[in-house]
Amino acid sequence: MGWRTVFVATGLCLLPLCGASANEQLLKLETDANQWVMPTHDYSAQRFSTLNQINRENVQHLHPVWTFSTGVLRGHEGEPLVVGDIMYLHTPFPNIVYALDLNHDGRVLWKYEPRQDPSVIPVMCCDTVNRGVAYGDGKIFLSQADATLVALDAKTGEVAWQVKNGDPAKGETMTSAPAVVKDKVLVGISGGEFGVQGRMTAYNMKDGSLAWRAYSVGPDEQILFDPQKTMSLGKPVGANSSLNTWQGDQWKIGGGAVWGWVSYDPKLNLVYYGSGNPSTWNPSQRPGDNKWSMTIFARDIDTGVAKWVFQMTPHDEWDYDGVNEMILADMPVKGQMTKALVHFDRNGFAYTLNRETGALLVAEKYDPKVNWATHIDMKTGRPQVVPQYSTQHNGEDNNTQGVCPAALGSKDEQPAAYSPKTGLFYVPTNHVCMDYEPFKVSYTAGQPYVGATLSMFPPKGDQNLGNFIAWDASSGKIVWSDPEPFSVWSGALVTAGDVAFYGTLEGYLKAVDVKTGKELYRFKTPSGIIGNVMTYTHRGKQYIAVLSGVGGWAGIGLAAGLTKGTDGLGAVGAYKALSNYTQLGGSLTVFAVD
Amino acid sequence: MILGLRGRCVGLALLSLAVGVSAAAADQGQNQKPYIVKDGKVDKNTYNGWRRYTESCMRCHGPDGSGSSYAPDLTQSLKTMSEDTFKSTVMGGRVNVGQANENVMPSFAEVEDVTMYLDDIYAYLKARSDGVIGRGRPQKLTAMNEGPHG
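Order-wise, the sequence lines are chains D and B. Residue numbering for the first sequence follows the working numbering, starting at 1 and increasing by one per position. Residue numbering for the second sequence follows the working numbering, starting at 595 and increasing by one per position.
Treat the hints loosely; a few may be bogus.
Said to hold, decoys possible - Each computed DSBU-like pair below joins lysine-lysine, with the alpha-carbon atoms no more than 35 Å apart: (1) Lys369(D) to Lys734(B); (2) Lys421(D) to Lys518(D); (3) Lys477(D) to Lys421(D); (4) Lys334(D) to Lys164(D); (5) Lys627(B) to Lys440(D); (6) Lys673(B) to Lys440(D).
I should point out that these hints are in silico values taken from the structure, not numbers from a laboratory. All values derive from a computational prediction rather than experimental measurement.
Given the sequences, and given the hints that come with them, work out the whole structure.
Set out below in structure tokens:
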């Protein structure tokens with residue numbers, strides 16, 4: 001299934017650095033603050049830049065210096081790359097890639113537009129988003145919506161090779177950015193709402209041949225687990241650790257889609273990523289813990305075999321996908337220097353783990369309104385679920401009311417940033433609750449397989465649907481919190497200039513003081529921002545750039561806004577139409593201080 | 595064209611026959627609504643329509659039929675679209691791909707959870723379009739006060 005054909009074309013080695021292995025090259029490039037060479041900025045996914053020309057003192061003089069319209073209307077997630085003098089910019093479906101010449105205010109050097117069957121559009125869960133391209137070995141890698149991974153010559157845009165990574169007829173699509181690690185390109189698969197069997201696949205960067213494929217759910221040989229060596233909270237997982245937690249063949253349509261970000265620790269030789277919701281959203285149709293959906297995987301990059309796993313939400317009842325980014329930081333945790341992995345899960349808990357062993361160190365709520373579980377049991381890692389908010393406990397055809405967070409999670413894919421200077425994490429969050437009614441559904445290949453209704457609204461007593469927070473991952477506490485009228489659906493950037501940047505759904509690019517959260521600058525871009533803020537230098541000058549273009553899951557509320565779905569929760573923020581603030585349209589805005 | 599659906603909408607089927615015959619008959623037919631709403635509460639079919647809508651349609655057409663950034667507001671569409679056109683669009687899908695649009699609605703003809711409850715989904719959306727129910731989860735009438743229902 002999936003991997004079928006490899007088209008090999010000639011790929012001329014034109015970039016100066018492409019003689020070195022991609023591993024050495026990218027390990028060097030990721031530390032060069034002048035460029036932005038991978039979707040996560042660096043392998044640790046910290047999104048921290050050492051650039052400080054734009055700083056707390058002068059950021060109020062920031063202003064747009066050039067803009068670029070992408071020509072596409074749908075939701076624009078992700079961020080462009082900058083390699084040398086070229087910016088590589090992607091769009092949602094039809095997944096255009098532009099190479100823009102930074103020497104000439106973004107003149108188009110080449111444009112690649114794949115021909116894709118538009119029948120893939122409706123099998124994309126929530127808008128036709130794409131989270132960006134990756135770079136390695138003189139090539140640009142694009143995950144197309146139709147589940148094709150394509151390698152383009154970075155200099156010319158010509159196709160070097162392409163490979164089919166999934167079947168859209170079964171609801172398998174691609175939205176996440178590829179990751180280049182060593183000599184491999186890693187791509188996940190989307191389709192958790194279509195009953196796919198989620199997986200991460202590694203292709204050899206040279207020719208697109210298959211290196212390994214690791215499913216999230218299924219038999220040990222499919223999930224690449226070693227029953228004795230793959231660990232969960234310090235113990236071997238044992239044989240059939242996934243199959244034992246599913247009834248019958250449900251795992252075959254069991255979800256665990258892989259559509260988030262990938263991080264990598266070169267010293268440990270491990271890649272980290274998370275898996276999404278088990279299918280369906282109706283928990284009664286899939287008894288058991290549904291392993292390894294909702295799980296952090298640490299896998300050996302060479303073999304794909306899992307070293308350790310940690311499941312955040314066993315037997316999900318709320319759609320709390322575990323795909324959010326894994327930020328790697330060497331930092332003190334409860335007084336001890338730790339090789340930490342910090343993960344802000346959709347379920348509203350921020351987890352700090354030892355990334356070498358998978359040991360759980362901290363798990364605390366990063367939004368005080370989170371109510372579905374009282375706490376995480378630190379021995380078992382299991383959330384202590386409150387029966388009132390358990391859609392399984394309340395059962396099929398019953399409406400479970402006032403669950404916080406909503407299915408959007410306290411945070412979705414929009415990545416947080418970490419400043420080693422302050423030791424704090426800067427986190428864009430959603431502040432939304434829901435009613436959730438599961439009901440029985442039947443599976444049809446390539447059709448939505450959801451089985452729940454939901455209504456979303458702000459938490460009781462609050463008007464704001466989002467917050468931008470600073471988080472201490474050692475103590476598990478919020479340091480400061482800036483309320484936002486809408487969910488903050490834009491990835492953060494933090495710099496050595498002591499400024500954190502993020503975008504808002506109304507379209508503002510904002511800069512805030514890393515210490516206090518005080519707003520230092522705002523500019524309203526042409527459309528709502530669900531892209532991630534990035535920075536680079538060109539000819540010695542620092543720039544800040546961000547994609548605008550409202551849409552995605554956030555766009556679902558654009559037309560009419562969220563509504564209070566039930567009585568008894570107060571009539572707060574009953575109608576909040578985002579369309580009063582912004583409209584569709586993809587564009588890039590580049591800022592500088594003169 | 596009614597495509598193998600449960601025959602609940604007898605009134606509407608008669609209506610479509612009657613339109614060309616006499617205005618009086620049509621006026622009478624217009625009183626036949628596909629939903630029952632009393633004091634803001636809905637019959638069980640209309641309620642089920644909301645559930646099934648949310649299951650299969652909400653991801654594109656937005657909460658409560660109100661549209662999204664990439665699919666139309668059905669409460670507006672149904673002000674002019676006939677029941678037959680609505681149903682044939684659900685069954686056959688629709689493609690609108692051009693310079694500025696990349697909108698594709700799939701065919702739901704093979705989706706049991708839609709085809710079996712298409713009347714209910716229509717009833718719900720029509721009630722929304724007619725403005726007799728608002729946003730959010732509709733309140734159910736109890737069996738006692740629901741009254742006779744085809």
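- Query: Looking back at the hints listed earlier, which ones does the structure fail to meet?
  - Reply: 4
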